[in-house]
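Chemist: Please model the complete structure; the sequences and the hints are all you need to start from.
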Amino acid sequence: MSILKRFTIGSIKKNYPLAFICISGIILSTILVSTIVILVSTLRQYSMQYTYDVHGKYDAIIYNTNLQQVDLDASSRIVKVNNFGYASYKQEELMYINVIGVKNDYYDMASIDLVKGRLPENDQELLLPMNLITNSNEFHLYSTVELNLGYRAISNQLLTPLNDVFEHEYLIDEQKRTFKIVGFYKSSDFDQGSVHTAITSSYDYENSGYLLVAFDKNINVERYLHKQYPLHHFYINQPLQNMKNLVINDRDVQIVLILIVISLFVVLIASSALIYNIVAISYSYRFRQYGILKSIGTTSKQLLESIFIEMTLYSMIGIAIGLILGIFITREMLYLTTNLFKSILHGYFLVSGKLKIFVSVKSIIFIVVVMLIVIVISSYIPYLKLKRSKPMDLIRNQKPIKIGHLKDQGFLSEHLGIEYVLAKRNRKIDTHKYQIAAISLIISIVLFITSTSLISHIQKVNTRLSEYYTYDLLFMSDNQNLEDLNKIYQQFILIEDIEEASYITFSFDKATVLTEANKEIYVYIAYVDDITYQKSIVANGIKKGDGELYYDLAESYDASSKKYMRMNMLKERSVMWISNRQETLHLNYRLEKPPLGIDKFVADVVIIRPYSSYVKHKNTEDIMQFFFRSSNHNYVYHRMQDIALDLEMNDVIILDYGENLDGEHARLNIMRVFSFVFVFIFSLLAMVSIFATVRTNILQRKRQIAMLNSIGISRFSLHRMLVYESIGLVFYAFIIGLVISVALSYGIYKYVYPFGVLPFRISLSSIILSFIVSLFIVVITIYYSLREMDKVNIIEIIKHDLM
Amino acid sequence: MDMIKVEHLNKFYGTSDNIIKALDDVSLTIAKGQFVAIVGPSGSGKSSLLHIIGGVDQATSGKVFINELDITKLNSEELAILRRRDLGIIYQFFNLIPVLTVEENIQLPTLLDHQKIDETYFEELISLIGLKPRLKSLPYQLSGGQQQRVAIARALMNKPNILLCDEPTGNLDSANSVEIIQYLKKTNVLYQQTIVLVTHDEDIALMADRIIHLKDGKIVKDEVLRR
Numbered sequence: 004m005s006i007l008k009r010f011t012i013g014s015i016k017k018n019y020p021l022a023f024i025c026i027s028g029i030i031l032s033t034i035l036v037s038t039i040v041i042l043v044s045t046l047r048q049y050s051m052q053y054t055y056d057v058h059g060k061y062d063a064i065i066y067n068t069n070l071q072q073v074d075l076d077a078s079s080r081i082v083k084v085n086n087f088g089y090a091s092y093k094q095e096e097l098m099y100i101n102v103i104g105v106k107n108d109y110y111d112m113a114s115i116d117l118v119k120g121r122l123p124e125n126d127q128e129l130l131l132p133m134n135l136i137t138n139s140n141e142f143h144l145y146s147t148v149e150l151n152l153g154y155r156a157i158s159n160q161l162l163t164p165l166n167d168v169f170e171h172e173y174l175i176d177e178q179k180r181t182f183k184i185v186g187f188y189k190s191s192d193f194d195q196g197s198v199h200t201a202i203t204s205s206y207d208y209e210n211s212g213y214l215l216v217a218f219d220k221n222i223n224v225e226r227y228l229h230k231q232y233p234l235h236h237f238y239i240n241q242p243l244q245n246m247k248n249l250v251i252n253d254r255d256v257q258i259v260l261i262l263i264v265i266s267l268f269v270v271l272i273a274s275s276a277l278i279y280n281i282v283a284i285s286y287s288y289r290f291r292q293y294g295i296l297k298s299i300g301t302t303s304k305q306l307l308e309s310i311f312i313e314m315t316l317y318s319m320i321g322i323a324i325g326l327i328l329g330i331f332i333t334r335e336m337l338y339l340t341t342n343l344f345k346s347i348l349h350g351y352f353l354v355s356g357k358l359k360i361f362v363s364v365k366s367i368i369f370i371v372v373v374m375l376i377v378i379v380i381s382s383y384i385p386y387l388k389l390k391r392s393k394p395m396d397l398i399r400n401q402k403p404i405k406i407g408h409l410k411d412q413g414f415l416s417e418h419l420g421i422e423y424v425l426a427k428r429n430r431k432i433d434t435h436k437y438q439i440a441a442i443s444l445i446i447s448i449v450l451f452i453t454s455t456s457l458i459s460h461i462q463k464v465n466t467r468l469s470e471y472y473t474y475d476l477l478f479m480s481d482n483q484n485l486e487d488l489n490k491i492y493q494q495f496i497l498i499e500d501i502e503e504a505s506y507i508t509f510s511f512d513k514a515t516v517l518t519e520a521n522k523e524i525y526v527y528i529a530y531v532d533d534i535t536y537q538k539s540i541v542a543n544g545i546k547k548g549d550g551e552l553y554y555d556l557a558e559s560y561d562a563s564s565k566k567y568m569r570m571n572m573l574k575e576r577s578v579m580w581i582s583n584r585q586e587t588l589h590l591n592y593r594l595e596k597p598p599l600g601i602d603k604f605v606a607d608v609v610i611i612r613p614y615s616s617y618v619k620h621k622n623t624e625d626i627m628q629f630f631f632r633s634s635n636h637n638y639v640y641h642r643m644q645d646i647a648l649d650l651e652m653n654d655v656i657i658l659d660y661g662e663n664l665d666g667e668h669a670r671l672n673i674m675r676v677f678s679f680v681f682v683f684i685f686s687l688l689a690m691v692s693i694f695a696t697v698r699t700n701i702l703q704r705k706r707q708i709a710m711l712n713s714i715g716i717s718r719f720s721l722h723r724m725l726v727y728e729s730i731g732l733v734f735y736a737f738i739i740g741l742v743i744s745v746a747l748s749y750g751i752y753k754y755v756y757p758f759g760v761l762p763f764r765i766s767l768s769s770i771i772l773s774f775i776v777s778l779f780i781v782v783i784t785i786y787y788s789l790r791e792m793d794k795v796n797i798i799e800i801i802k803h804d805l806m
Numbered sequence: 011m012d013m014i015k016v017e018h019l020n021k022f023y024g025t026s027d028n029i030i031k032a033l034d035d036v037s038l039t040i041a042k043g044q045f046v047a048i049v050g051p052s053g054s055g056k057s058s059l060l061h062i063i064g065g066v067d068q069a070t071s072g073k074v075f076i077n078e079l080d081i082t083k084l085n086s087e088e089l090a091i092l093r094r095r096d097l098g099i100i101y102q103f104f105n106l107i108p109v110l111t112v113e114e115n116i117q118l119p120t121l122l123d124h125q126k127i128d129e130t131y132f133e134e135l136i137s138l139i140g141l142k143p144r145l146k147s148l149p150y151q152l153s154g155g156q157q158q159r160v161a162i163a164r165a166l167m168n169k170p171n172i173l174l175c176d177e178p179t180g181n182l183d184s185a186n187s188v189e190i191i192q193y194l195k196k197t198n199v200l201y202q203q204t205i206v207l208v209t210h211d212e213d214i215a216l217m218a219d220r221i222i223h224l225k226d227g228k229i230v231k232d233e234v235l236r237r
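Chains as they are written, first to last, in our numbering: chain W, 4 to 806; chain Y, 11 to 237.
The hints are simulated quantities; they were obtained by calculation from the structure and are not laboratory data.
There could be a bad hint or two in this list.
As the list claims (entries may be wrong) - Short derived list, chain Y residues pointing at chain W, Cβ under 7 Å:
1. Leu60
2. Glu87
3. Arg93
4. Arg94
5. Pro119
6. Leu121
7. Leu122
Glycine is no exception: its CB is placed at the ideal position from the N, C-alpha and C atoms.
Modeler: So this is what it looks like as structure tokens:
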């Protein structure tokens, strides 16, 4: 082993606490970087899988072509589809069914999601899209359907499903075919226009039809196909292209990505600062040794070699442990938040399957490379300083003190004694080291205050949101046939997990308030089912006499009190005239608790009547809606969909407000988990950094401590000196952290809530808590440092000087 | 009256196989106001003896009395107070606090004791060491001799009964060395302090009232030059 290697390993052994701190710093930094990278790659993988599930795995569909005409890249996958032709099915408007014949590979490539029935097994059977059920009453499961199939053409040009329906288009080569409907599938992306795709099983591919192609290479599919086949029509699977090319249009996803990028940036800055600090400390502790080495002729290259050996050793251990811990922590975080993530993603994708950690070789390489770059930069800067220093300066290892450092004759200096003066001057002289320790602390404080403020804000917005809804599921339909509605309502209320239900027919009218200078307002007259109406009377403690029940809902934001105030549009006992109905209404009973289904989104004033009194008036488009409160909105939502399907009720809308609220709660909880983990790791980083700084300062000031000891400084006074130094550090970091937090929180608030649902507020409790936590970190550091300081032996130092 | 009394003092280093006896059953007494020089070759135990008397090092066995107080029974805090109030220690390498000015370095023992500065005495001290114009300077701005004068003034600041000097001239040229000893003699006369000076320089030792010769941890000669 070369003398230099022996020197390096000897130095590491001698300074093993510093080596330990350095490795800890690398571990923590690697954990942070790997957590972010693995999380991003997991979410990307999950989104990719979702895109495959929902939008299919093909990049494009090439219409009206055959295999001879295409010359695609050998690595591409191709699925052949027979085109049996088109049949028009709706008389009032021209709409087509395009029957295609496929083999089993099509179902996987196009991600066909069977809703009802089964897949076709021969070319006499047909699978129809769900759109057909909602658009027409002609198609029923296991019934037969006769289709007049031909090819769409206009001016002797064949058309494709992509072409709009032209007024003068016609079908050619028509022939009758009879199929048995064996199933329905969830309609595909390419199936949303006037042409719906019906699927049969075909075994006689005629080299003509459609081709579904998937490219293994990441290319611009649209540009490639247009260049290669300018005469063909294509359907591009845009969601998949967006996912592959990282095109993000969703604002929420954009926000999440921006936050991830910012987090990664902050993590890298903090990690660099920490590693730089520890490496600089490690070098400065050995300045004297390096000075001696330089003075006896060691070259800068040899010094660099020594540093390289040391940092390679630290990196190998630190990155390996950090990566393993990072994967473990991410896995646990995902385990904790997997359902929450799914709730959030549910808004965008109907997600199925588990959110499993995805660690690719690429992401591991990325993490290792990023960490190595951070380590190399962080250790090279202190090396440059070492390289430029003269041997004697390194041997002396004493920083020049400027007279400016002495200007501290103030109130605190007078009252806190010589210990404070010493602490302040020591800190001023080592400002650089303290600044780096402070950066980690500042990042922890900023992250904590900002995230808790944002979380508390979102929580308040959510609470506000949940106040608006008295129900979690809403059902409405274009079909306002009372018999049909009653049939489906009776089945709905039998669904287990429904806690409360109501039906309301809303009628919208303009009213003149006779008791308030004939002012005109808009009102809803809500005909609530009689049971709910009676419940409402009881719940509001009303002894019903003559007059109407009403709910005065309108609210507005009052800037002075910073609260939402009920506007109270109407005074007590108002009288109004509704000309459309030729009725005078006496509003005698104002409800404080509205019946299920009346919420703050409805209108300004709602008049509540029992459904038994409902009479339809001319010029009103009354709609009946059902409202439900359930203990499991997901289950109820799907059951309601099934019931509507079974009853073949078309054009229904079921809104799951519970899902929205769940999504909001999930978003909040994910933020909580992630901010907790990040704040925790950053706090550890800050602790390591402060440890390193304070400990090294003590090591470097051993002589000063020994001198003070020899002239009789008490242990208490020494401790005080150190406490003042540490408090100064926390105070400095806290003030800067607070200013940045307020600015950052305000920026995020303005970006996330541009219209300010609630006023901007910074969480006071998080400020206090962050100060306490910072102090706690410092107290631990002080405790550790005091132990170190107590070990300082005066005689050893004096002997060292004599040597 | 004995200001310092040492009884059967032993200081051993190393393990039983390879034991080094820095002090081997040393006993001595030093009277109040006496200026004693301890001389001996390197490794004779003179610095060890001084450090143990100064309470900055611990003896393996034996007793040390300062003004009839057995300091071997004191804990570290009591020793710190003793060093601060009753002892002044001067080292070869001055050991000034680099971040404090000359003035602050001198006043440090009083400031650490949270006492008020006796301005008259302070003026007297700085006149004695002749550093009035350099009070606001930092240690690194002074020469070696000047730094040692600051160290002497600091050691005298709390009017200690005993001044312990560990090779105070070891890092100085001969002119500065003589000057420093002159200062020590002056304070010895002025403030009636007991001074114990460790040196390997025979000429410096001859300026003391009494010379104790140490060799291999034992007192080999104890001569009184003047009373």
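Chemist: Which hint numbers doesn't this structure obey?
Modeler: 1
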